[in-house]
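A.B. asks: This is what each chain is made of:
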Amino acid sequence: MISMNDFLIVSAVLFCIGLYMIVSKRNAIQILIGIELMLNAAILNLVAFGKYDRFFNGGQMFALFAIVLAAATTAVALAIILNVYRQYKTIDPGKIDKLRDE
Amino acid sequence: MSLVQVLFYVMSFIALGAALFVAATKNLVRSIFMFFVTLFALAGLYVLALADFVAITQIVIYVGGILVLILFAFMLSGKETLNLIAQQRGKFISINKIAALLLSGLFLLVLLNTFFKVDADHLTWITRSLRANNAITPTAAMTENIGVNLMTKYLLPFEAISILLMVALIGAAHLSRKGEKQ
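Residue numbers (my numbering), protein chains in the order written: chain A, -7 to 94; chain B, 29 to 210.
One thing to keep in mind: the hints can contain errors.
As the list claims (entries may be wrong) - Below, a list of computed lysine-lysine pairs in the BS3-like style, where the Cα atoms sit at most 30 angstroms apart:
{"no.": "1", "chain 1": "B", "residue 1": "K54", "chain 2": "A", "residue 2": "K81"}
{"no.": "2", "chain 1": "B", "residue 1": "K125", "chain 2": "A", "residue 2": "K87"}
{"no.": "3", "chain 1": "B", "residue 1": "K206", "chain 2": "A", "residue 2": "K87"}
{"no.": "4", "chain 1": "B", "residue 1": "K206", "chain 2": "A", "residue 2": "K90"}
{"no.": "5", "chain 1": "A", "residue 1": "K81", "chain 2": "B", "residue 2": "K145"}
{"no.": "6", "chain 1": "A", "residue 1": "K81", "chain 2": "B", "residue 2": "K125"}
{"no.": "7", "chain 1": "B", "residue 1": "K125", "chain 2": "A", "residue 2": "K90"}
{"no.": "8", "chain 1": "B", "residue 1": "K125", "chain 2": "B", "residue 2": "K54"}
{"no.": "9", "chain 1": "A", "residue 1": "K87", "chain 2": "B", "residue 2": "K54"}
{"no.": "10", "chain 1": "B", "residue 1": "K54", "chain 2": "A", "residue 2": "K90"}
Unchecked claim - Chain A side only, calculated, beta carbon under 10 angstroms to chain B, not exhaustive:
{"no.": "11", "residue": "L0"}
{"no.": "12", "residue": "L11"}
{"no.": "13", "residue": "G42"}
{"no.": "14", "residue": "N49"}
{"no.": "15", "residue": "A63"}
{"no.": "16", "residue": "I88"}
{"no.": "17", "residue": "L91"}
To be verified - Per the computed footprint, the stretches of chain A lying under chain B, defined by three or more beta-carbons under 8 angstroms from a beta-carbon of chain B, are:
{"no.": "18", "region": "15 to 23"}
{"no.": "19", "region": "27 to 38"}
{"no.": "20", "region": "53 to 62"}
{"no.": "21", "region": "72 to 81"}
These aren't lab readings, by the way, just hints derived from the structure by calculation.
All C-beta atoms, glycine included, are put in the ideal place defined by N, C-alpha and C.
Chain B extracted, bound-state conformation (with noise of 0.2 angstroms):
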C-alpha cells in the first residue's frame, strides 16, 4: 500500500467520521464547526485526485465563506434554535429519524450496488483518455491550464456565471436588510 493510497484512507476517514458526527449531534455549533473538518478533508480528497487549484478554492469559498455565513445566521437567529435543540433531546429515536435512515441506508445500498457493478476503472472514454495520454499526471501543474480554458473555452459559463453572482449578491443584500416598518 503506497502512500497515497494511506493518505487517501486517512483523509476519506476524516472525512466521513466527521460528517457522521455532524448528522448525529445535537449541538448546532458542534455540528457547524465538525463541518468545517468535512470541508477540509474534502479538500485534501481533492489534492489527492490531482486537482490542486479546486482545493483551494474549496477551502477559500467554503471554508472562508460559506461557514462564516452560516455562523453568522445561526447567532443572529438567536435564542430560539436553541431551545427547538432542547425540545428535541427527549425522545431519543423518532418515527422521523427511522424513515430518514431507512430512505438514506437503501438510497446508499443502491449506489453502492451500481458502483460495484459498474467497474468505474475501466469505462471506456476512460481507457480510451489514458491511451490518449489525457490523463492528468501527478507532476504537471495545472492552474496554468484552467486559467487558459477558463478564458477560451469556459468564457461563456464563467461570464454566466459572474452575472449570476452579482445577482446574488445584491439579492441577498435585498432580503436581509432591516425592513422598515410599515
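Just chain A, same shape as in the assembly (with noise of 0.2 angstroms):
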C-alpha cells in the first residue's frame, strides 16, 4: 500500500508552490490559480485519511464539500476580477488601491 507520508509530502509541496504562486504573482487569475493549488493540496490530505472512514465517509465528504466550495468561491471571484478589470483596466492587484469611484 501507499503510505500515508508520501501523500502528505506531496500535498506539502503542491501547497507551497500555491504559496508562491499567490505571493509572486502579479495578476488576479494567476493568484486565483494558486488558491486552487492549496486547496487541491487540501482536498488531497482529506482523501487520504479518509481511507481510515469506511463507513461515515468522513474524509470522502468533506473533500466533496470542499471541491463545490471552491467552484462557488472561484465563480464569484472571477465574477469580481470581470469588475474590477472593467473599472481599473488592469488586473494586477498592486495597481488597484482606490476604494472611491474616479
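Work from the hints to combine the two standalone chains into their complex.
C.D. replies: Quick look at the structure:
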C-alpha cells in the first residue's frame, strides 16, 4: 500500500507552490490559480485520510464539500475580477488601491 | 515495488511537475492549460487513495467548470493582462520573487519536518480503525455508501451547501452583468 507520508509530502509541495504563486504573481487570475492549488493540496490530504473511515466516509464527504465550495468561490471571484477589470483596466492587485469611484 | 506504488509516483511526478510549470511560466494561457494537467493527475491520486467518487467529481467540477470559467475570465479581460506579462519579462529575478521563494521554501521545510516527526501511518486513530476493520479496501464500492451517508448523516451540510451554491450563482450572475450606464 502507499504510505500516508507520501500523500502528505505531495500535498505539502503542492501547497507551497500555491503559496509561492499567491505571493509572487502580479495577475489576479494567476493568484486565483494559486489559491486553487492550495485548496487541492488540502483536499488531497482529506481524501488520503478518508481511507480509514469506511462507514461514514468523513474525509471523502468533506472533500466533496470542499470541491463544491471551491467552485462557488471561483465563480464569484472571477465575476469580481471582471468587474475590477472594467473599472480599472488592469487586474494587477498592486495597482488597485482606490476604494472610491474616480 | 508494486504497480500501485509506481502509478502513485508517476501521478505525483506529473502533478508536481505541472504545478511547478504553472508557477514558473510567464505565459498565462499555457499556465492555465498546465493547471488542467495538474488537476487530472490529482484526480488520479484520489483514485489511488481509493476515493473514486471524489476523483470523478474533481474532473467534472474542476476540469469541466472552473477551468472553463478561468479561461473565459482571461479572454474577457483582454489585452491588458498580456501587456502586464510582457512588462514582467524584463526583470529576471526581482526582490518580490526572492521573498516569495524564501517564504514558500521555509514553509515547506516546516511542513515536511512535522510530517516526518508525526509518523502518519501509525497514528492511534488509524491503528484503531484498522483493527476495527474500518479501512476502505480496494475492492469495496464506496459510491453507494456515500449516497446513503449524504442523505442521512450529512443531510444538513448538504442542504446548507446547496443554498450557498444558489446564492453564489445568483451573486456571480448579478456581479458580472453589464450594468446600465449611469
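A.B. asks: For every hint, state whether the structure bears it out.
C.D. replies: We went through each hint and held it up to the structure:
1. B:K54 - A:K81: holds (20 angstroms)
2. B:K125 - A:K87: Between B:K125 and A:K87 the Cα gap is close to 18 angstroms, so the pair holds against 30 angstroms.
3. B:K206 - A:K87: holds (23 angstroms)
4. B:K206 - A:K90: Between B:K206 and A:K90 the Cα gap is close to 22 angstroms, so the pair holds against 30 angstroms.
5. A:K81 - B:K145: violated (49 angstroms)
6. A:K81 - B:K125: Satisfied, since the Cα-Cα distance of roughly 25 angstroms is no more than 30 angstroms.
7. B:K125 - A:K90: The hint holds at about 25 angstroms.
8. B:K125 - B:K54: Holds, at roughly 13 angstroms.
9. A:K87 - B:K54: holds (19 angstroms)
10. B:K54 - A:K90: holds (27 angstroms)
11. L0: Hint on A:L0: holds, closest Cβ of chain B at ~4 angstroms, below 10 angstroms.
12. L11: Result: holds, 4 angstroms to nearest chain B Cβ.
13. G42: Given a least distance of 6 angstroms, the restraint on A:G42 holds.
14. N49: holds (5 angstroms)
15. A63: holds (5 angstroms)
16. I88: violated (12 angstroms)
17. L91: Constraint on A:L91 not satisfied, violated at 17 angstroms.
18. 15 to 23: holds (count 6)
19. 27 to 38: With 5 residues closer than 8 angstroms to chain B, the region 27 to 38 of chain A meets the three-residue bar; holds.
20. 53 to 62: holds (count 8)
21. 72 to 81: Since 6 is at least three, the answer is holds.
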